[in-house]
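Trainee: Residues per chain, in single letters:
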Amino acid sequence: MPIFAAEVANTFEMNSWFFDNAWLIPALMAASFVVTLFFGKRLGAKAHVIGVGAVAASFVLALLTAYSWISQVEGYDGGAENAVVATELAAGDEFAAEDVTSHNVEGGGAATPAPVVTSVCWFDTGDAPNNNCDDRGAAKAVGIGTLIDGQSVMMLVVVTFISLLVHVFSTDYVSGDRRYTHYFAFLSLFTASMLFMVLASSTLQLIVGWELVGVCSFVLIGHWWEEKPNSDAAMKAFLTNRVGDIGLLIGVSILFVTAGNTFDIQTINNAALTGVISQNSLLVASLALMAAVMSKSGQFILHTWLPDAMAGPTPVSALIHAATMVVAGIYMIGRLYPVFWEGLSIAGSNLNAMALIGGITTVGGGLLAFVQRDIKKVLAYSTVSQLGYMVMALGVGAWTAAMFHLFTHAIFKACLFLGAGSVSHSVHSFDMKNDMGGLRKYMPKTFITFMIATGALIGLPPLAGFWSKDEILAGAGVWSGTGGNGTYYIPFIFGLITAGLTAAYMTRTIWLVFFGQYRGNGTPHESGPRITIPLSILAGLAVVVGFLNVPEELPLIGSRFGLKFQNWFEPGGGTVFPVIAHAKPSFSLAIVATGIGLISIFTVWTYYQRLYAKDSRATEVTGGIRDRSALARAGHTVLVEKYYLDHLYTGVIAGSTKGWLARSAYWVNQNIIDNVINYTGKGAAATGRFLYRYIDQGAIDGTVNGTGLTALSVGGILRRMQSGKVRQYATLMFGAATVLAAIFIIAV
Amino acid sequence: MTDFLNNNGISLMVFLPLVGVALMMAIPEKQEELHKLIALVTSLATAAVGAALLVKFNYDNSSALQFAIDKSWIDVVNARYSVALDGISLPLVALTLLITPLVIIYSWDHIPEPGNAKAFLILMLVLHTGMLGTFVAQDLVLFFVFFEVVLLPMYFMIGVWGGPDRLYAAIKFFLFTLFGSALMLVSFLALYWVTGSQTFDMQRLAELVANTEISSRTQWLIFGGMFMGFGIKVPMFPFHTWLPDAHTQAPTQGSVILAAVLLKLGTYGFVRIAIPILPEAAVDWAPIIGGLAVIGIIYGALGCLAQTDMKRLIAFSSVAHMGYVMLGIATLTTFGIQAAIFGMVAHGLITGMLFFVAGSVKERYHTLEIKRLGGMLTQAPKLGWILAFTSMASLGLPGLAGFWGEFPVILASYSPAPGLSDGLFRFYMVVAALGTVLAAAYLLWLLQRTAFGTPSEEFADDPNITDVNTFEWIAWAPILALILILGFLPGLLFDVMNDPVSAMADAVAALGK
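Residue numbers (the working numbering), protein chains in the order written: chain A, 1 to 748; chain B, 749 to 1261.
Any given hint could be a false lead.
[As the list claims (entries may be wrong)] Here are the simulated EDC-like cross-link-like pairs (lysine to aspartate or glutamate), alpha carbons at most 20 Å apart as the crow flies: (1) B:K1119 x A:E553; (2) B:K778 x B:D857; (3) B:K1130 x A:E226; (4) A:K41 x B:D1215; (5) B:K1130 x B:E1111; (6) A:K584 x A:E553; (7) A:K228 x B:E1205; (8) A:K658 x B:D1057; (9) A:K658 x B:E1117; (10) B:K1119 x A:E227; (11) A:K682 x B:D913.
By construction, these hints were calculated from the structure, which means they are not laboratory data.
All chains should be built: construct the whole structure from the sequences, respecting the hints.
Mentor: Below you can see the structure in the form of structure tokens.
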């Protein structure tokens, strides 16, 4: 595009303004949090205006930043500007010229522009000599800053956009809530923390943002903390994430030390790619970081908090537990991809820990979605399953496919959650079996948007999910002609199974909610515009965003629009990103995957149609396979009991830690350690009495030496203390210590 | 002005509280308000002198001893009155200067039973002098005297104004600490003799030990004496049992000062005296210290989970938190020791704040039994939120002060100073990281049981349960603000101590290579 190229020169200044000042985006939301918290009450029912205004402004800034980045990419001709910038920097004293900010210029000559790092010094420590902040002269400080590249600008847009829609949706959904201002304040804080994490230029910032989004999630899950199940769910979320955070803390520590005492993400990535960090350290670090991913992004076996987190308000589930926070793990893997790439030897392999965890999660989560009667829980397990898809994609080396799926999933899953919110707003329940059914007649707008988003989730062409899911399956490199980075058979099969599962459980959900006969007691109604408009926007996008990354081979549009997402947002391979092979799309694979989905839909649909013909209010077959087969019954029970993981965690691990383990530790404290002290004290006092009565008074009778010796015994000191002779105590103490010291010197 | 500060500033700061004490002695007990006023003005004046010192402090040269005063004192043993400030003592002096006035403000309407504001506040001011003196002393004998001066007022504070078991707790506190002090004193005297130099000056001793042939066994033993003295004060497992009793029985003000400042005398001793003077022995002792520290982290957390009393739970949490501080010190690295000092200040603010909240809860509910509380967020929302905020800080949430005393310690344990076993310290690292989960568990569980839910019937309509009052706000706001500010700008503390800590760690590292 020649116009773009011409513009680049003119807009270079402007672009770099957005890159250098990206910190404003989270800062706006942080300010909104403070203002809402302290002044929101005065606005009463209008408390949301601050948050909505701030997030709208953030969204605009994020869009402009992304636009600047994209125009940079479009006009990029393989390192020309880089060269210019590099010479400019090299010409003067790099850091003296730019006092506070420093541009990190790496990866010159790659297919995309280099990431832009803007940082200032945060704090000094002699142990961290090279952390991308040199305004203090001596290089000993740890910096704090923003890292702008394709991945971060993409995520900026996703987070601010979904957050904006959720803010708007919430003004209706939680209106009249007992803690309206508090709700919006924490929505702002969450958005600020998430953006802070997205922009992090160092692993230390990543930890800060990572934990802050966790605490916002805790507060918002427990928003209605009067009821114990809600605060239980909040605690479970926080504690499970803490378990994973052990891995994060350890992983970051390992990378800090092995990459040469640095938190800087670019330096770490570079060190991982160039062999500065040993393969062994990378393996341990990536496994440790995987633990953090497992908890934050709901991977088996640390996913159990995510379905419980549905105790929070539904818009929160849409924003935090579907679109943004839960993808933090995926984002982090993407950020430190060279570490995982080298550590897990992703290229040329056929299985690794990440792909396996993702694969198991995607199937395991999908299965659990079948036995839920709460619509939000279905969506929660569906999220678990889809997050598994993304992790699996990263595990097989399909970075762009994972990020693209993150992007499309954020849109259609937010639409589904908000749709579920709209439904529950109308029927005042989340129970699909008792309180829903036939809602398509009452809530047409919600119905249509929900259907579109479901289609996108199942992956029906040409909706968004189709394109991203297809890329992941192709990325496994198994199907003939796809290429890829290895031949990941097991993940590929898991992926196909999930395609079928997703179609099946979503069909079940759709049927239970929108088809059949209304089984509730109230009179359902369509929701207001502040709910339906966000739904329509998301559904509209769920139709079109898939075209951002259609294969270039696609007839008609491929040559013009193909692979935009990949070109814009994937870092160029080289110094800070591995050289990744891109799988080729396969027409036959797309047909097979879609076919599996269609067969599943058809099967489930027929099942419910027959059921409906027999009894218009029925939600499950009586005398079905579960009643006939013990194996099916057992399988169903295992699913209903969520693989018994909650029993293990809550009952066995947490129960015994705060139960017998804590109690016995305390028993030891009170009855053993403390008694040693008590008896020593009593014994000393007795000795003191004995010495005083028989030796001091009897034999030596008050000579200085004798008193000194007496004072040595604790009881003696105590007696003197109690009689208030402080000066005597001091003298005695010095005396006694001198004697002991003398003995010591002679002895040693 | 500058000259005056240079020559007398520290002495003025340390002894100003005693001027207040002298004044208050002369005033009859009945004039309570006047006593409170004098105490407050004195502590504020002290803080003002301290603030002037902090402003004049040369931050570019924070490893140098500044405002040094060196006068002859006890000539017979060459003990000198030598005081100074550097980047290590500065954060702790600042903490002390802040906490004492706030505690006095809190006392305005919270003089504990059996009353007598005069005696109570006089003890507080004596304590103030003792604490400040310990942090600025540069002579071992002077340090020891201040270290012991602290003991008595606290003994009386617990013994007279404490809870039902106050006598047992006070005596236990006193004897335990005294036992440690005696061994510490033995070590000081031993240093005096073995170096053959007959000086108690800390810096001189460090140079002398480096240049004198002293067998490593002797050094090990001398360090051991200090370890007992400082370790009991910290307190380290298994010498911690005085702490839950003292904290639980002490009046709120006593608990706050104990947690905020007194525990730091021990950890400060390690950083100021034990490691710089005996770096070789420090390397030998580090695995033991680190081991006890991580046991303390897990053990303290388990102890917390077993508690039924809110105040005792907070007390036990100190054992765990000081475990992180000691682990940081045991790594003998710059970042580790920096984190340890940061952790001292952060723990002082956070746990001090938690004790304030516990005191106010007790005053309103007349109980601290966790299962009887509940729904505090409904009845006294601001108090409840302060508890939630401080608990979050205590469990090491990034963005709040506690994080910087925790994560860098874990990080530093991955690669401790040369001469220490990487494998062992990496094991400690994993255990310490596990401790962060337990910390979250006991604090959130406390929060769930006290703040969340609905008020129990017993207290549902109790008019006594009111929200935070003015005096509480004045006393707490600075602490809450600092917890947040230090969380976001850790450089405020890290930068000051970087140079002196680096110098110390470099000296240790040079030995191990």
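Trainee: Going through the numbered hints above, which ones does this structure break? Give me the numbers in ascending order.
Mentor: 1
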